[in-house]
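Using the hints provided, position chains R and E relative to the given structure of chain Y.
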Amino acid sequence: MLEIKNLHAKVGTTNILNGLSLTIKKGEVHAIMGPNGSGKSTLARIIAGDDSYDVTDGEIHYKNKNLMELSPEERSREGIFLGFQYPVEIPGLNNSQFLKAALNAKRKYLGIEEIDAFEFLKMARETIKRLEIDPSFLNRGVNEGFSGGERKRNEILQMTMLEPNIAILDETDSGLDIDALKVVAKGVNEFRNQDNAVILVTHYQRLLEYIKPDKVHVLSEGRIIRSGDESLAKELEKTGYIAEKESKK
Amino acid sequence: MSAQISLELLASATKKLTQGELSETRSNALSNLRDSEMPSTKNEEWQYTDISSVFALCEKSLHETSKKVKSTVKKENCIAGEIDAHWIMINNGTIDTQEVKKLRKIGVYVSLLSKNLDNTEVIIDDSLSSLNAVLMSDAIKITISSEAENKKPIGILFDNDTSLSNHASNFRCILEVKNNANISIIHAHTTKINAPHFTNSVVQINLGKNSHVEYLKLQNYSPKQTLIEKSIINLDLNASLNYTSVDIGGQLTRADIVINFNDKHANAIINGVYIAGQNQHIDNHISANHYIGSTQSSQNFYGVIGGNGRCVFNGKALVCEGAIGTNANQYNHNLLISENAEINTKPELEIYNDDVKCSHGTTVGQLDKNALFYMQSRGIDEDIAQQLLTKTFITRILNGIKIPCVKNSLENLITNKLQKLSR
Amino acid sequence: MSANKEEINSLIESRYKHGFVTDIESDSLPPGLNEDVIRAISARKNEPKFMLDWRLKSYKHWLKLNEPNWAHVDYTPINYQDISYFSAPKSDADRPKSLAEVDPKLLETYDKLGIPLHERARLAGVAVDAVFDSVSIATTFKKKLSDAGVIFCPFSEAVTKHPELIKKYLGSVVPYRDNFFTALNSAVFSDGSFVYIPKGVRCPMELSTYFRINAANTGQFERTLIIADEGSHVSYLEGCTAPMRDENQLHAAVVELVALKDAEIKYSTVQNWYPGDEEGKGGIYNFVTKRGDCRGANSKISWTQVETGSAITWKYPSCILRGDNSIGEFYSVAVTNNRQQADTGTKMIHIGNNTKSTIVSKGISAGRAQNAYRGLVRVMPQANNARNHTQCDSLLIGGDCGAHTFPYIEAKNPSAIIEHEATTSKISEDQLFYCKQRGIEEEDAVNMIVNGFCKDVFKKLPMEFAVEAQALLNVSLEGAVG
Chain Y
32 MLEIKNLHAK
42 VGTTNILNGL
52 SLTIKKGEVH
62 AIMGPNGSGK
72 STLARIIAGD
82 DSYDVTDGEI
92 HYKNKNLMEL
102 SPEERSREGI
112 FLGFQYPVEI
122 PGLNNSQFLK
132 AALNAKRKYL
142 GIEEIDAFEF
152 LKMARETIKR
162 LEIDPSFLNR
172 GVNEGFSGGE
182 RKRNEILQMT
192 MLEPNIAILD
202 ETDSGLDIDA
212 LKVVAKGVNE
222 FRNQDNAVIL
232 VTHYQRLLEY
242 IKPDKVHVLS
252 EGRIIRSGDE
262 SLAKELEKTG
272 YIAEKESKK
Chain R
27 MSAQISLELL
37 ASATKKLTQG
47 ELSETRSNAL
57 SNLRDSEMPS
67 TKNEEWQYTD
77 ISSVFALCEK
87 SLHETSKKVK
97 STVKKENCIA
107 GEIDAHWIMI
117 NNGTIDTQEV
127 KKLRKIGVYV
137 SLLSKNLDNT
147 EVIIDDSLSS
157 LNAVLMSDAI
167 KITISSEAEN
177 KKPIGILFDN
187 DTSLSNHASN
197 FRCILEVKNN
207 ANISIIHAHT
217 TKINAPHFTN
227 SVVQINLGKN
237 SHVEYLKLQN
247 YSPKQTLIEK
257 SIINLDLNAS
267 LNYTSVDIGG
277 QLTRADIVIN
287 FNDKHANAII
297 NGVYIAGQNQ
307 HIDNHISANH
317 YIGSTQSSQN
327 FYGVIGGNGR
337 CVFNGKALVC
347 EGAIGTNANQ
357 YNHNLLISEN
367 AEINTKPELE
377 IYNDDVKCSH
387 GTTVGQLDKN
397 ALFYMQSRGI
407 DEDIAQQLLT
417 KTFITRILNG
427 IKIPCVKNSL
437 ENLITNKLQK
447 LSR
Chain E
3 MSANKEEINS
13 LIESRYKHGF
23 VTDIESDSLP
33 PGLNEDVIRA
43 ISARKNEPKF
53 MLDWRLKSYK
63 HWLKLNEPNW
73 AHVDYTPINY
83 QDISYFSAPK
93 SDADRPKSLA
103 EVDPKLLETY
113 DKLGIPLHER
123 ARLAGVAVDA
133 VFDSVSIATT
143 FKKKLSDAGV
153 IFCPFSEAVT
163 KHPELIKKYL
173 GSVVPYRDNF
183 FTALNSAVFS
193 DGSFVYIPKG
203 VRCPMELSTY
213 FRINAANTGQ
223 FERTLIIADE
233 GSHVSYLEGC
243 TAPMRDENQL
253 HAAVVELVAL
263 KDAEIKYSTV
273 QNWYPGDEEG
283 KGGIYNFVTK
293 RGDCRGANSK
303 ISWTQVETGS
313 AITWKYPSCI
323 LRGDNSIGEF
333 YSVAVTNNRQ
343 QADTGTKMIH
353 IGNNTKSTIV
363 SKGISAGRAQ
373 NAYRGLVRVM
383 PQANNARNHT
393 QCDSLLIGGD
403 CGAHTFPYIE
413 AKNPSAIIEH
423 EATTSKISED
433 QLFYCKQRGI
443 EEEDAVNMIV
453 NGFCKDVFKK
463 LPMEFAVEAQ
473 ALLNVSLEGA
483 VG
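Here the protein sequences come in this chain order: Y, R and E. The number in our numbering is simply the position in the first sequence, starting from 1, with 31 added. The number in our numbering is simply the position in the second sequence, starting from 1, with 26 added. The number in our numbering is simply the position in the third sequence, starting from 1, with 2 added.
Hints in this document: simulated from the structure, not taken from any laboratory. Check each hint, because a few of them may be wrong.
Each computed DMTMM-like pair below joins lysine to aspartate or glutamate, with the alpha-carbon atoms no more than 25 Å apart [stated by the list, open to error]:
(1) Y:Lys213 / Y:Glu175
(2) E:Lys457 / Y:Asp165
(3) R:Lys383 / Y:Asp147
(4) R:Lys127 / R:Glu175
(5) E:Lys461 / Y:Glu175
(6) Y:Lys41 / R:Asp381
(7) E:Lys66 / R:Glu63
(8) R:Lys127 / R:Glu173
(9) E:Lys462 / Y:Glu120
(10) R:Lys417 / E:Glu421
(11) R:Lys290 / R:Asp381
(12) E:Lys349 / E:Glu423
(13) E:Lys461 / Y:Asp88
(14) E:Lys457 / E:Glu331
(15) R:Lys68 / E:Glu331
(16) R:Lys395 / E:Glu423
(17) Y:Lys36 / Y:Asp88
(18) R:Lys127 / R:Glu202
(19) Y:Lys153 / Y:Glu175
Since we're looking at a predicted model, the values are computed, not measured.
Only chain Y is shown next, with the shape it has when bound in the complex (with noise of 0.2 Å):
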């Protein structure tokens, strides 16, 4: 579904991304864990699209199309979902009025019938039910005045909402008490199915005793080092990334 190729990215002169790689099929789960710095949540932007970051060489490939060529808005409708580390504030903009019209750009864009708000109502109330999330989420401005878990269960609600294809979750995690960690996983857990990937952008192993990967990559300076199954990030848990790094040294 998705295939990274030896990608390199840099803010100004300073080299992020130096030659990262990877191939990710329908129906995964990817785990990609590394230190603060490594370079995950820069990979994540740049698969969304977000052109702060200059892309020096590399090739990313998305249901056979060159990512590179499309607009962030052109990528999330074609399916591809980021669930930010810092969702931004909007304030004043309704949570629902956003929905709608993320889902209807979505809907005109694939040549289906726009979602009137009656039926948008209904379905994104129990979309809220089923994720077990407070209803007021939906008039409130979006993240006005949201706790970092609110936050992140806003980003599940959307994600859920939308239906992407592949799921990118930077550091959905951090911040997180263990209920809304919980509220979290059972979202993706209830949103990963065969025809669909899910990458999970992660700094601690404690995300996934909830959401069980397919793999496991250790990203470090720009490129991933090693590659793994579960075991793998419990390991890293015991060694630490420091160890993890000497060791390729």
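Below, chains R and E alone, put in the same frame as chain Y:
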């Protein structure tokens, strides 16, 4: 020129003063005065502060015959004695040569502009700074070299100028901070005169590249004195300034602080505390001019007003076209603690580009009644509780002063003042 | 993510949709202003002598004044002798008695403006006092209102039918000597609306006036006076739009509101006059004085405005909080694009005890426009327990525009609690990227973000006005991208 001060008198007065290399500056300033008006309350910038009385005082001083009076002020009597600093005492436009020698050893050079102008710009951009240039007995230039030692702060104590009279003094100090220099300055307006007196002060500060200045302006004049001070501060690349103004005394105080950001990554914190009681008027006007982007200014002024005290705050930030990445904010908080206290405040933003972060906030209010009650219920007297809470209100600004040796003296001054206010 | 400059510029351009000129012959006075002109205006309106005397007094005072220049706006000087001070549709002598008699061309004009008069009136239950140029032409729902005892009529009619009310209240909130433009307006005002709500009456419908400016070189000098007697309640809507024109047109209206004991007046404005073209050519000069007097205890006056039009806006709807426990509110959205200039805000004068005021101002600036908030909160020494909260936000779109804030706060009573907050920001790239990541087009994202920014004000507008306001906002900023 305005009717307030006769030009003939000014012309004859300025002749009595040291000319030397300042003669051209003085004559330019005098001709400036011919075409300019003295500020009046009709002027937007002066609408809350009426300074007409000081011109009368100034005029009166010009009628007097010159009688130089040797300073009787001891630095012990005016806080300078309490604070361990290298004090530069300026008396009738002269400085103690012993002190100058000592300072030279630590990389601080003091000179008189009448003897050596050295291309220094003496700013005469409005009527008050022109009046200052006409009547000052001399201008002091302090150069802080890159290697200047910063173990102790430099203290500037202007011992009121009696070159012309005992009613008005004009003081000018030019502070040249060289690239990479790091220095703490205490500028004290603390010599008390127990008679109507007008001090017209101009301070010019240039901060070189990568320099850092901690600056404290302390004003604790007698209730009969007036201080009008204009400070013009220029910041070069990566320069940083932490400026605190503390106004406690005086009858009428007006400060204009102009900060010019002339290159990137310069930043300035301009903080202030003003405490006004019966018959006091304190006016602070601050302009942060962001000519270049990637610069930061932060203004925080806290005021406590009692008696029939009247205060004015006007904090401005100008962000010019193209000054992207500017960060500017202004905060002004006021406590009104008596029936006839008055505050006029106006934080202003003037912004000509979209890539900025600017905000301001102003509050006017009273002490938290719940907190007062809580303290009283623990047995603390109401006026003590009030003083404690009031002090807490201004603590943020006092904590921002990074010159350690002034802490105690300042706290004592403020505690005394607050006691007087609550009485 | 930043859109390039040409892209922004091409997107910001959005032409005025209401620009056209209706071809109705105007019966105008020749340009120029002197006592004879004022006598002529007064005579045509068959005004009683007290009115003429008042006009002449105002005129004499005006001659002594200079045009104010303190606002943050810049324009070529106005020649007051080039303006024609009276213009009425030709058919003035034979005024229509019902909509059917109204000049069909005029109805067509309203149609183009999206104001189908009878339709809107019937469907929305709104009584419309339509002002076409300077003379009121049609007033509907008179019966329903008169049953309730409400007087809602053209100002000129009130002068002859209710002289005692006019004598008592005209100029009592905004004296003719208040400023240059009020003196001018008081001397030459053509017409406007008059509203009187009797004691204890809740006005049965929202009252509405649509102003239009037509006929070249015709300054329009409206005069509105609303009196809410004790315990009454009224909501008044004012909306405006004008034809495209290359010469600047002056509009110097005066609005006076009087709220007596326990009365409430809600005054909403959507202003969409011609802003001039991309180069700043043409457009309306909107120099308006609006002031409300909370004269009685527990009274309330609330101003809500959405200002998207005019080349220059100079406007400070204010409240004098005289009555104890009275409340003043000001909610404003001001949008400037291209070369538009706005200097707008409010004054809240606290005089009574326990008075409260709220100010929410949202300024949006795009293109090469300048947008200033200027406000005054004054607490007089006798006003115990005054409260004010001000929130004043600016949004900048593009690097060539300006946003300015000049809030004056004067507190002379120690029990006052005043809070003022202001922020300036642009639409952040993070917000845009977030929206785009969810599949939303940049232009839609900007509209959504701007509408969100203005929400606190929009929700204060009457329903149908809110919809219109949002649409206007989107048109005014069509595609302006940060």
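Do the hints match the structure? See the list:
1. Y:Lys213 / Y:Glu175: Status holds; Cα separation ~23 Å.
2. E:Lys457 / Y:Asp165: Distance of about 23 Å is within 25 Å: holds.
3. R:Lys383 / Y:Asp147: violated, 38 Å
4. R:Lys127 / R:Glu175: Within the cut-off at roughly 14 Å; holds.
5. E:Lys461 / Y:Glu175: holds, 17 Å
6. Y:Lys41 / R:Asp381: holds, 23 Å
7. E:Lys66 / R:Glu63: Given pair lysine 66 of chain E, glutamate 63 of chain R holds - Cα atoms ~24 Å apart, limit 25 Å.
8. R:Lys127 / R:Glu173: Distance of about 16 Å is within 25 Å: holds.
9. E:Lys462 / Y:Glu120: holds, 23 Å
10. R:Lys417 / E:Glu421: Holds, at roughly 21 Å.
11. R:Lys290 / R:Asp381: Since the Cα atoms of lysine 290 of chain R and aspartate 381 of chain R sit roughly 15 Å apart, the hinted pair holds (cutoff 25 Å).
12. E:Lys349 / E:Glu423: Holds, at roughly 16 Å.
13. E:Lys461 / Y:Asp88: violated, 50 Å
14. E:Lys457 / E:Glu331: Cα-Cα ~16 Å, so holds.
15. R:Lys68 / E:Glu331: violated, 30 Å
16. R:Lys395 / E:Glu423: Answer holds: lysine 395 of chain R to glutamate 423 of chain E is near 23 Å, not above 25 Å.
17. Y:Lys36 / Y:Asp88: holds, 9 Å
18. R:Lys127 / R:Glu202: holds, 18 Å
19. Y:Lys153 / Y:Glu175: holds, 23 Å
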